[in-house]
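What follows is the residue order along each chain.
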Amino acid sequence: MEETQTFQAPAGQDQPTIPPRHQQVPAVSPLIKRPFDKRYLFILLIIIGIAGGFFTAGRQPIQTPGPTPSDTPTPTPKSKPVIPMATQSAYIELTRKVASLSGAIQNIQVSDTTLSPPTIELPLGFPNQ
Amino acid sequence: MGKPLEVRVLSLAQFILTLLFPSCYYTYMVKNIVILLFLLFFVPSFVYASSASSYQEYLGGFDTYRSALNEFKVARSEYLKFKTLTSQQTALDKTRQMLASRSQLLRSYLQFLNEKLNESTAMDAPTKSLYQTLIGNEVKFLNNHTGLMGSIGSLQDAEGVSQQLSSHYTMLESSIYQTIVGLKMAELTAIDTEYFTIFTNSYTFIQNNKSMYTPEKQSIMERWLLQIQNKRDLYKQKTDEITKENSALKSSSLSEITASYQRIAKLMSEARQYLWEGTSFLQELTNSIQYGE
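Chains as they are written, first to last, in the numbering used here: chain A, 1 to 129; chain B, 1 to 293.
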C-alpha cells in the first residue's frame, strides 16, 4: 500500500499567514497632498482690495487744524476809495481801448518771414563762347 | 460741366423750401434770407482767402523753381563736362524751363504782396495806390521778360535774357523791400495813432476829475503821463531814423539794399518795443486813475 506523504506543519508551530495576492494593495489609499489652489489667493486679494477701497472711502478726511483765533487779528487791507467817474462809460471805454491796443501790439509782427522775397540764382554760369 | 457750387446750393435750398413752405410768398422771403446768409458767410471767406491762396500759389511756384533749378544745374554740369550736342540741347531746354519758373516765382510773389496791400486796413488809399503802382510796374517788366523766352534759340540767347533780369533785379528788390517796409510802417503808424488817442483821453479824464484826487496822487499821475509821452517821443525818433534809412533802399547795390532793410527791420522792432512799453504804462495808469488816492 502506497503511503501518501503530505507535508503537514508540525503542530504547535505558528504558520505565517501569507496574504492573498489581491490584498497587497491597501484598500484605503493614503491622502495625496494637493497643492494650494492659487485661485483662492487671487480671490482673496480681490476681496482685500475691495475691502481696502471701502475702508479708504469710508474714512473721514483729515481735518487740518484751522487757524486759532489769536488776540491780535491780522489787519485787513484798506480798500481804496473808487472815484464815481470810474464807473462811468468814459472810463470803461478807456480801459477797453487800452486792452485792445495791447492786443494789437502783441499781434504785430515787424519781421514777418512770410513777406521775405524769394532767393533766386541770377547768373546762368555758362562760359562766354 | 455741372453748374457752379453756389448755384447748386441755392437750387437745392429753393427745392427744400418749396417743399417746406408751399406758399409762394414765404418761399420768396425765405429764399432771400438764404441768399443773404450765403453772402454773409461765404463771400467774406472768399475775400479773406485771397492773400492766403496767393501765398500758397507762391509756395507752389517756389517748389517748381527749386526743382527746375536742380535739373538745370545737372544739365549745365553735364554740358560743361561733355560738350556734346545732346548735352547742349538738354542744357538749353532745362535753362528755358528754369528761366520761366524763375519769372513765374517772382510774379506770384509780387501778386502775394499786392494782395497783402489790398488787405491792409492800416494803410491809407494814396500810399496803397503808390505801392501797387510800384508792384504793377515790376509785374509788367516780368511779363515782358517771360515773353522773351520764346525767342531763346541758344545758350547765348538764354544768357542775354537772364542778363536782362539780372540788370533789373536791384530795382525789383528795392521795390519789394520798400513795399514790405511800407506795410509794416502803416501797421505801426495805426497803432501809434490809437496810442496817442488813448493818451489824450486819459489826460482829459484826469483833468476832468482832478478835484477827486489827492495832491500826491495828482503829481504821481502827471509824472506817469510824462513817462508815457516820453515813450512816444522815443518811438517817433525811431520812425525818423527809418525814414532816413528808407532812402538807402533805393541804392544801386543789392548788398546795400539788403543791409539797409536789415537795419530798418531792427529799427521797426525797437519802435514797436517803445509802443509796447508805453501801452503797459497806459494800462497801469488807467488802473490807477479809478482811485482817488
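Keep in mind that the hints are not guaranteed to be accurate.
What the hints assert, rightly or not - Cut-off 30 Å, straight-line C-alpha distance, at most; resulting in silico cross-link-like pairs (DSBU-like, lysine-lysine): (1) A:K97 to B:K217; (2) A:K80 to B:K128; (3) B:K210 to A:K97; (4) A:K97 to B:K81; (5) B:K217 to B:K128.
The hints are simulated quantities; they were obtained by calculation from the structure and are not laboratory data.
Status of the hints after comparison with the structure:
1. Only pairs whose Cα atoms come within 30 Å are accepted, and K97 of chain A paired with K217 of chain B is accepted, the gap being roughly 23 Å.
2. The straight-line distance between the Cα atoms of K80 of chain A and K128 of chain B is roughly 50 Å, outside the 30 Å bound, and the hint therefore fails.
3. Taking the CA atoms of K210 of chain B and K97 of chain A, the gap is about 22 Å. The hint holds against a cut of 30 Å.
4. Taken as a hint, the K97 of chain A and K81 of chain B pair is broken in the structure, with Cα atoms around 68 Å apart against an allowance of 30 Å.
5. Between K217 of chain B and K128 of chain B, the direct Cα distance comes to roughly 46 Å. Violation of the 30 Å bound is thereby established for this hinted pair.
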